[in-house]
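Top line first, the protein sequences correspond to chains A and B. For the first sequence, my numbering gives the first residue as 1, with consecutive numbering after it. For the second sequence, my numbering gives the first residue as 1001, with consecutive numbering after it.
What the hints contain is simulated information worked out from the structure, not anything from laboratory work. Because the structure is a prediction, the values reported are computed rather than measured. Nothing false has been slipped in among the hints.
Some residues of chain B that are not near chain A, with every Cβ distance over 10 Å (derived):
#	residue
1	Ser1010
2	Lys1012
3	Phe1014
4	Gln1016
5	Pro1019
6	Asp1085
7	Val1087
8	Arg1114
9	Glu1141
10	Pro1148
11	Ser1149
Just the calculated beta-carbon pair ranges, DEER-fashion:
#	chain 1	residue 1	chain 2	residue 2	range
12	A	Gly4	B	Ser1091	41 to 49 Å
13	B	Asn1042	A	Ser20	24 to 32 Å
14	B	Met1022	A	Phe62	50 to 58 Å
15	A	Phe62	B	Pro1019	48 to 56 Å
16	B	Lys1153	A	Asp147	51 to 59 Å
17	B	Asp1117	A	Ser20	43 to 51 Å
18	A	Asn135	B	Asn1118	19 to 27 Å
19	B	Asp1084	A	Pro63	43 to 51 Å
20	A	Gly138	B	Asp1117	14 to 22 Å
Okay, the calculated bits of chain A under chain B, using three or more residues with CB under 8 Å as the criterion:
#	segment
21	23-29
22	32-38
23	52-65
24	77-90
25	126-136
All residues carry an ideal CB built from backbone N, CA and C; glycine is no exception.
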Amino acid sequence: MSAGITLITSQKVFDETIASLDWHDAFIKESIFVAGIWFRAGGVASGDGDVLRILFVLPCQFPNSALEVIAYGVKQYQLASFLDDHSPIAEIRRRDAHLNLGTFVSVHASCFAYRWLDNRFAGFETCYSALPIHNELGELLYPFNIDWRTAMDLVSDLS
Amino acid sequence: MEASITLITSQKAFNQFFPGLMWDCAYVKESHFVQAQWQAPNGVAFKEQSILRILFMLPCELANQALELVAYDVSNYSMAEWLDDCVPTGSIKSRQAEVSFGPVTIKSACIGYRWVDNISSGRHQFFTQEGYFDEQGRIVEPYNIDWPSEMDKPIEAVAD
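Looking at chain A on its own, in the form it has when it is part of the complex (with noise of 0.2 Å):
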């Protein structure tokens, strides 16, 4: 259906892909938020964080206008429905990162990543209902599966 993750590893990744799309008229058609803990007999149990996709369409964006971004290790995000016209911009840290787009639309997280969706999640079809993100031993599954933390502690440009 879609196309493997790409992490943004460090500023000058983010500058060079997201920041370099067209966005003008873009929205937020869909996000879905799941944490990495759940509630059991005796306690909160862990598995591998929290994950928040967000289904960005770009209309002027050729030929792909179905971006989603992945936030791994979410701290905080607050969203709308429209973007404003504004261009993202980003601060990109070892673990940690803050992502931009308008007053209403920010992401605070460890890592972020993106990939192409198929042109047809750009439509009405909803994307975020139908596959879930952890399995039932609570690991991520294929495609998110990353090991984001060893790939960022790898870069060397960040602070």
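With chain A fixed as given, assemble chain B onto it according to the hints.
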């Protein structure tokens, strides 16, 4: 499979339900936002309303622990995983609902809730099993409520 959605149609209805629950150690297990806007061949199309669904886990509630909050026509929202033991507050007016669950805040036109099966408190992912639109782009049950009509009723006509 699950209960129907109860709309919060007045300030009184909000005050009588949400603050009375046990919010100690509560957290957000899942959230799902769907925008009623998409890219059509000749431009951008709109249909129905946007919706935000949040699955709160309330470990200290005895019988039910999985509470689904539904917000219609969402303007913006802020989200965090832990609610920091905060007691919910909210302002409910006609087609304007601003609610706060600690660091989780939502600005929308209407909110509702329902209890869902406790199996959702485990590893099971709820919102990947329960869709919102059908293949024609129509809102499916139990979310297809005529909330604008309910919110427009005079307060005294609304059953608490």
